[in-house]
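Visitor: Sequence:
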Amino acid sequence: MAPLSVFRVSLLVSFSVFLTVVLGFGLPALLNVAMRMLGLPETSVTECIVVLYLLFVLYVATPRIPRGLVEVKGKAVFVTGCDSGFGHALAKHLHKLGFTVFAGCLFKDKGGEGAKELEEFHSDRMKVVQLDVCSEEQVDQAAEYIKDNLKDSGSGLWAVVNNAGVSTFGEVEFTAMETYKQVSEVNLWGTIRVTKAVLPLIRRAKGRVVNLASMYARMGNALRSPYCVSKYGVEAFSDCLRYEMKTWGVKVSIIEPGNFIVATGILTRDVVASTANKLWTEAPSHVKEDYGKAHFEQHMALMRSYCNSGQKDVSPVLDDITDAIISKRPYTRYNPMEPHWWIRLQLMTHLPAALSDFFYF
Numbered sequence: 000m001a002p003l004s005v006f007r008v009s010l011l012v013s014f015s016v017f018l019t020v021v022l023g024f025g026l027p028a029l030l031n032v033a034m035r036m037l038g039l040p041e042t043s044v045t046e047c048i049v050v051l052y053l054l055f056v057l058y059v060a061t062p063r064i065p066r067g068l069v070e071v072k073g074k075a076v077f078v079t080g081c082d083s084g085f086g087h088a089l090a091k092h093l094h095k096l097g098f099t100v101f102a103g104c105l106f107k108d109k110g111g112e113g114a115k116e117l118e119e120f121h122s123d124r125m126k127v128v129q130l131d132v133c134s135e136e137q138v139d140q141a142a143e144y145i146k147d148n149l150k151d152s153g154s155g156l157w158a159v160v161n162n163a164g165v166s167t168f169g170e171v172e173f174t175a176m177e178t179y180k181q182v183s184e185v186n187l188w189g190t191i192r193v194t195k196a197v198l199p200l201i202r203r204a205k206g207r208v209v210n211l212a213s214m215y216a217r218m219g220n221a222l223r224s225p226y227c228v229s230k231y232g233v234e235a236f237s238d239c240l241r242y243e244m245k246t247w248g249v250k251v252s253i254i255e256p257g258n259f260i261v262a263t264g265i266l267t268r269d270v271v272a273s274t275a276n277k278l279w280t281e282a283p284s285h286v287k288e289d290y291g292k293a294h295f296e297q298h299m300a301l302m303r304s305y306c307n308s309g310q311k312d313v314s315p316v317l318d319d320i321t322d323a324i325i326s327k328r329p330y331t332r333y334n335p336m337e338p339h340w341w342i343r344l345q346l347m348t349h350l351p352a353a354l355s356d357f358f359y360f
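For the sequence shown, position 5 matches number 4 in numbering that gives the first Met the number 0, and the numbering has no gaps at all.
What the hints contain is simulated information worked out from the structure, not anything from laboratory work.
Positions of the beta carbon are idealized from the N, C-alpha and C atoms, including for glycine.
The reader is advised that the hints may include incorrect statements.
Think about it this way: if two alpha-carbon atoms lie no more than 27 Å apart in a straight line, the pair counts; the simulated DSS-like pairs of lysine-lysine are [to be verified]: (1) K150 with K327; (2) K72 with K126; (3) K72 with K245; (4) K146 with K91; (5) K205 with K95; (6) K115 with K91; (7) K115 with K311; (8) K95 with K126.
Derived CB-CB ranges, DEER-like [said to hold, decoys possible]: (9) P338 with K205: 34 to 40 Å; (10) W341 with K115: 32 to 38 Å; (11) F106 with K195: 33 to 39 Å; (12) L54 with E296: 46 to 52 Å; (13) Y330 with G38: 33 to 39 Å; (14) S314 with L354: 30 to 36 Å; (15) P338 with F106: 33 to 39 Å; (16) R303 with S13: 30 to 36 Å; (17) Q345 with R35: 43 to 49 Å.
With the hints as extra help, turn the sequences into a complete structure.
Guide: Here is the structure:
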């Protein structure tokens, strides 16, 4: 996100003040009309405003209301992308809670550090599985391995967490079609492939499907079209699956993390440098001429500035994924993100596009 000008910041503040004034004077008047239509005394307006305010506080300010927890003992969870980041931390977290964890790691067969660390648990409840979500063969093998290990329990697989994903950046005209395909192959098709492979086991347990999307699955951003396209797809797939699985008692939840670049290390200055070099080198000559090197470098500097940004603690994401797995009534969507990103998400998804575009772009 480009830095906001003083004018736009002032406009946002003014809009907030305007909204406060409108609600302060307009809401009582509106409630007065409603009271008269219902034949109720207008003195009830104050009470209505207090009740509405309390409901707002309950929704926004209070801790999550307890909705009951399922029994963890004897339940198994399959997590993809456990080499590092959210997946690695989640595998350890769920194991600590008492789950049997099938941790899918891309680099298990290559002696990856993340896979080694999980194997060093030497626990019969931590099972590390070689998994490339882009490989039909490896996904089927992992599903068969899980099925064989759960055969004696007869309870099926309680949950799958589709966490494996990749990220990239670049303006549309600088980004090759192959990049769009590669990102979607992991983020979207990998999620679908894994889900389809283990869904019979999930249905048997009346369990959970938890898919990692992103705040960029709900709102686009400049330079992020390949990533946004793939994550928008994850949202649509999850919604459709939720409708279909209701009959089976399977709950489907979507996790939409905000900026956790520092915590996950998904974007580093070396990655930005190599990606920038590839984008410029492979761009068509007419695109380079039209955009110019100065414009390109300005956007790459913006991407470099993101490398040290975001939340450092992954706990909010782990807590939301855990809630989606163990709550008797999990939410459809979870938004672990900083307040300013949450506000932007609400404005981008609820305001007319002309307004939100003006504020942020």
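Visitor: All the hints need checking, so say for each whether the structure fits it.
Guide: Here's how the hints hold up against the structure:
no.: 1; hint: K150 with K327; result: holds (25 Å)
no.: 2; hint: K72 with K126; result: holds (16 Å)
no.: 3; hint: K72 with K245; result: holds (24 Å)
no.: 4; hint: K146 with K91; result: holds (22 Å)
no.: 5; hint: K205 with K95; result: holds (23 Å)
no.: 6; hint: K115 with K91; result: holds (13 Å)
no.: 7; hint: K115 with K311; result: holds (24 Å)
no.: 8; hint: K95 with K126; result: holds (14 Å)
no.: 9; hint: P338 with K205: 34 to 40 Å; result: holds (36 Å)
no.: 10; hint: W341 with K115: 32 to 38 Å; result: holds (37 Å)
no.: 11; hint: F106 with K195: 33 to 39 Å; result: violated (24 Å)
no.: 12; hint: L54 with E296: 46 to 52 Å; result: holds (50 Å)
no.: 13; hint: Y330 with G38: 33 to 39 Å; result: holds (38 Å)
no.: 14; hint: S314 with L354: 30 to 36 Å; result: holds (34 Å)
no.: 15; hint: P338 with F106: 33 to 39 Å; result: holds (36 Å)
no.: 16; hint: R303 with S13: 30 to 36 Å; result: holds (33 Å)
no.: 17; hint: Q345 with R35: 43 to 49 Å; result: violated (32 Å)
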